[in-house]
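Taken in order, these protein sequences are the chains called Z and G. Heads up, the first sequence is in this note's numbering, so the first residue is 3 and it goes up one at a time. Heads up, the second sequence is in this note's numbering, so the first residue is 174 and it goes up one at a time.
Since the hints were derived computationally from the structure, they do not count as laboratory data. Hints may contain errors.
Dumping the calculated DSS-like pairs for lysine-lysine here, alpha-carbon to alpha-carbon at most 27 angstroms [what the hints assert, rightly or not]: (1) G:Lys-534 - Z:Lys-472; (2) G:Lys-568 - G:Lys-558; (3) Z:Lys-662 - G:Lys-812; (4) G:Lys-176 - Z:Lys-389; (5) G:Lys-671 - Z:Lys-588; (6) Z:Lys-306 - Z:Lys-53; (7) G:Lys-867 - G:Lys-812; (8) G:Lys-534 - G:Lys-522; (9) G:Lys-739 - Z:Lys-169; (10) G:Lys-400 - G:Lys-410; (11) G:Lys-176 - G:Lys-521; (12) G:Lys-927 - G:Lys-975; (13) G:Lys-950 - Z:Lys-389; (14) G:Lys-741 - Z:Lys-169; (15) G:Lys-774 - Z:Lys-472.
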Amino acid sequence: MAASQASQVINTQDITDKSRRDLLLLLEAVRGKKNLVIEKSLASIIGLFVKFSTLQEYGVDKLFFLENHNVDSSQRNIVFLARGDNARVVRTVAEQIRLVRSESKIDHDFTVIWVPRRTLVSNLVLEEHGVLGEANITELDLQFVPLEPDVLSLELEDCFSDLILRKDPTPIFAAARSLMGLQKQYGLFPRILGKGDNAKKLSDLLLRMRSEEDVNASSDPSNTYLTSFGLTPSSTIENLIIIDREVDFPTALATQLTYEGLLDEVFSVSHNQTEVDSSILGSAPAPSTQPQNGTSPAPTTATKRKVQLDSSDKLYPEIRNVNFATIGPLLNRTAKRLQSDQQNIHAPNQSISDLKSFVSKLPSYQAEQASLKIHTSLAEEISKFTKAETFRRVLEVEQTLLIGSEGSTVHENIEELIARDTPLPTMLRLLCLESTLSNGIRLRELDNFKRQILQAYGYQHLLTLTSLQKMGLLVPREANRGYLNPIAGSAGMGATDWNFVRQRLQLWVDEVEDEAGKDKDIAYVFSGYAPLSVRLVQAILQKSYLQTLATAGGAAVAPAATGAGWKGYDDVLARIKGATVDVVQKGNDTDASHARKTLRGNKEGPKTTIVFFVGGVTFAEIAALRFVGKQLEEASGRNLVIGTTGLISGKRVADVAIEKGTFGS
Amino acid sequence: MSKPTADWERVGDRFYRKTQLYTSVFNPELELENYVVTGAPYSGAVALYRDEGKIYTYRGNQAAKSTIDIHSCAGKLIRQIPWDKGRIKALGWSEDERLLVVTDDGIVRGYADLQGDFTPFSLGHGAEEHGVQACKFWSTGFVALLGNNSVVAVTRYEEPRPQLLASAPPGEVVSWTVIPPEYTSSRSVEVLLAIGKTVYVVDAAECEDRSLEAGPFRHISVSPNGKFIALYTEDSKVWVISSDFQDRFSEYESKVKTPPKDLQWCGNNAVVLAWEDELHLIGPNGAASKFYYDSFMHLLPDIDGIRVLTGDVCDFLQKVPDPTEEVFRLGSTSPASVLLDALEQLEKKSPKADDDIQLIKANLDEAVDVCVRAAGQEYSIHRQKQLLKAASFGKSVLDLYNSDDFVDMTEALRVLNAVRFYEVGIPLSYDQYIRLTPERLMQRLVNRQEYLLALKVSEYLHLPVDRIYVHWARQKVRSSSTDEESICEEIVRKLDGKRGISFEEVARAAYDEGRGKLATELLEHEPRAGKQVPLLLSVGEESIALDKAIESGDTDLVFFVLLNLKKKIPLSSFFRTINSRPVATSIVESSAIDQDRELLKDLYYQDDRRIDGSNLLVSEALSAPDMGAATDKLKMAAKLLRDSKEFAPQVAALEDAQKLTRFQEAFEKDLTERYVGLSVNETMSKLIKAGNMKRALKVQTEFKVPEKTYWWVRLRALVSRRDWRELEEMSKGRKSPIGWEPFYDEILSAGNTKIASLYIPKCTTLTVGERIEMWLKCGMVAKAGEEALKAKDRNALEELRKQASGPALLDVERMITQLQKGR
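Build the full structure now, drawing on both the sequences and the hints.
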């Protein structure tokens, strides 16, 4: 798999190990038994790299979630683990400490571990609550969490709402810090490319941090390497490509059609886990899925079961990225293979050595069988969902919008779906999709839709609709905005010329399979629509491929695109909203850069590209990027690593906006 | 030149040596016996203060003023701290030369850098009432013993958190000591208390009695590596045991009636007993040697030996290091010793030099190594040179030799000799130098304001020099009396272009000195925006601080500035400040949503953001306790927007929302069912389900619900109510705004094929094939056949025949023949 290749460059195992080590060291520093109070969203992240049993070995007696004042005082030591950059969380921690202190009879020792760092605001808040002196304060610099060897995520749950709705740039800062960490380890990214205003902010911040790093490094006596050389360009990493989610909302809004994407759509996947009704999976719990979930001792409701979804599974890596339409045959093939294996054992004339070799394979065989069983059940459940008539209708609308044809049926269909009480998130996704793809909906029509939404789902969604407008997802079309207006200028386009971009970058591909039935373009992940974000990456890394695609598609012949960076695609970038980033980073000390290159003994130059999504990435995009990565690897031995602030899907996007309260409740 | 072995002393089978480091250390009039003396680790500074419990000669008023004096080991006064802050109970040093002064009321004052002001903290845990008895220090912390025998540990000085250890039994603590955390198995500090006849070991969790019988122990001391404990018993014996109290290694009887005033370790393998002017050095297996001094002395233990300080001299007592012993021991025939001899012969131009070399030819490389290492252990520059020359000579004979060690040693020695010079007064041994590290040595030099030396040494050793410059600048800012402009100019001129200079630290020093303007000026040269922020806040430049915080991209800083700002200035100017800075505004907004809605309202009002203001009221309405309050909020929300035409749809929606609740409340009254909280469509649906068609219709007209929507709602409600009669009635209708197909679909999926089939003929827009399919889904093959027959579709009929059975099969066959006939 491509993933294993990438891991050679950026050692994700190291990151995992370091996080685990750091956490356990902090826990060890608190002597004796302790109760651990953990912020809920952190719990499952921590669960990605350390098991509950390990925590127990380090003296953790009980584990609590940081919510509704449930901490008990059974242990003298109480350790809090929470995000220090969120004032609300900090306040909860402070209140809990005060509460326990006033209620409990014993003299407690409090320790607070702030993730990813101790902030000034946290100090201030603790001080206001009068508990700053009470607690031993440490920090756990948790940055990237490797979800897979080729996917590094910051797992910031609120990053989308922070960035897009509240316009709070905290996630950008967190991303910059983490990327800076990578630069310190692997050297400067020789070239930073990006699209979108937030991408620009991030790259500016990276440049600023680099210049500040000189000062920081020299005041840190332990860091002799940096003091003597300064940072030099990396010899392993070629590019950093930053994609701002705001550039490509439609991809996030569209229904993902890969297996993993649909799992996310139907069951929601978070931190490599999903929860499903145990009735779906049938009774017998497969041993391979359970032990990883040790972090939460709180009994999950009996009807829910957690399923681990990562590359440790036997079957999942093969099927996660395929289009759901082809999942049936794939599972079928696996089932047949397993069956034939089984028949082999039952064959009467077996020698002892045959038997021995089989027995040694038995555990993996069983694991595979268990995994097959789970995925067959899950796929069956998903197909119930995809076969529903509304799903078909929704998809039809989506595809019409993505193709870009001006069908009048779209609005009728949407209205009908509203009247039929289709779930609100789905409807909002469709409306937002239309709005983002055509730079707004005509005011009269928009008001009409809004009215229907309010009538169908309740007037509390006035708030929802305002939020969507603030996010730029559902806006009225303005005549004087966007590409039609020559004054809108060069610096940052306010709107994207989708028709132009669609044609130039071949965002719609009619045939996604070649004669042999194999996927031939990334468009397979949406059964025809090629995500803009990934096309942008291809515009940098696979220029000739895009070129042939464009010619085959009968598009006007564009100037031959060669060279590095965005070269050859400046015209498209100018018509996509948001700033364009293209920065070349050179070392302070050219000699040192050369020395480093020679030391590596690598004549061919760096080959890894990091694609970083500000504001979240979808599973479908990950699948598409893996597809690109595989092609790159076969062609030139290059590979891709995906970085992101978190995972996102249309459902989550809508969820950010949706007002949860109702009248009179 | 005296012989190298002149100051050696044999103790058992080993040699110890006493090196005189400095002479004329203190003023001869200083009565050292009346002072408490304590030295920083790694040959650091020495602090003295007069022991108030002792009588001293009256010298007039001036001398009666109490001070803490900090000297170098050579006696040079580094700093004098006037003292009027209560009774000093303990004085100690940390590894980084931070002086800690503990008074009996439990206040600890830490004087960092030998220069700066102190930072105080309190021990707490009852220290105030019971009083501090004594303290024991280790490299990074200390333990205080209180009057009630409780023990309080401080494990770090940055943000100290005094921690109460497990409680010890009552009784007089005869002597006590600590094992530093790095040497204990639990990795937390352990305190050894000699109470009564035994010793208790106290740590954070428990107090354990080691059940010894031979007490009371006058003295107890732990070796520098934490492995051994030396105890002095009442019957004047010294015991050396392992620190886990499992093994006893040696015993020595001092035969002196008066108990010694001090017992300390000299390195890890000898113990020193000190009386006023007499020293017993006890090596392994109880072997001992005695030293006598002319005057009162103090012991300053270090990691590899012990410094002996009298009014006149400063000596260093240590075990003769192995390479030194190998080279210089009388009658030594080791290769290194021969090599040294060869050098002497060479200098005499004697041919014997070659004989020597031939003699040790086989072990020459080892001899060179030993000479190099021995050179490192020498304090005499002459002998250092001799040994290095010998090594160099040996090297020249060897064909292949890696000279790295030799070069490193010459470098190290050059540095060591420079800092040992009496005006600097840091008599580091080579081992101490390695343990201390060159970087921290630079810090010590800087603390002594030896800037030039520090710079030279740093450049020589390729160490970063920015700290030195910054320290110099800070000192400059503190002490210079010239006008601020020229100070700033001088500092900037000197520091400009140097890599990694932190102007922020310099500026902070200026600020602490009360030179606010200078601080701001200096701050402008700081490259890191974030670092400027806290200081800018302190000097009252809030809006610059805010800009810098935004520039740094660190939202924590921005938020921090904002919180400070909000406290400081009136709300209106606060809003004005953030108004022009979108990032600041969004951070205020996103934090206020969780905690301070009133602030948000003011903000929206001030900025004339009506939609936001109105939405805020809507969300308040959502969380209102009762519908009356909610309606009021909605009214207010609508009022906010009413003036402007552009918000007309919003206002209409808000009014509809109120109207809806009015309707719903009325329904609730009439129908005793819950309606509030439902949407318009849901309300209609619920009404239909309950059979209240009229009311539903009224809602439709009242809210202008589109016809299509209404039909859909009605259809779905009826189906879910399984109101087949009504549905059958509807199939007789002439026209449906949503077509008839949905009726078929919905009813079929509810499972009623009969009613569903009623709608098939009405779906006239569909193709024949589709209609056949529809009939089939209802299980009516014959009807499907009729459809095909009407369309004269032979193939379809053939298909149907395959599926049909029973009477339907006959029908289909009949139709096929009919079709054939028709032809």
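Practice problem: Of all the hints given earlier, name the ones this structure violates by number, lowest first. | Solution: Hint check: 1, 4, 7 fail, others pass.
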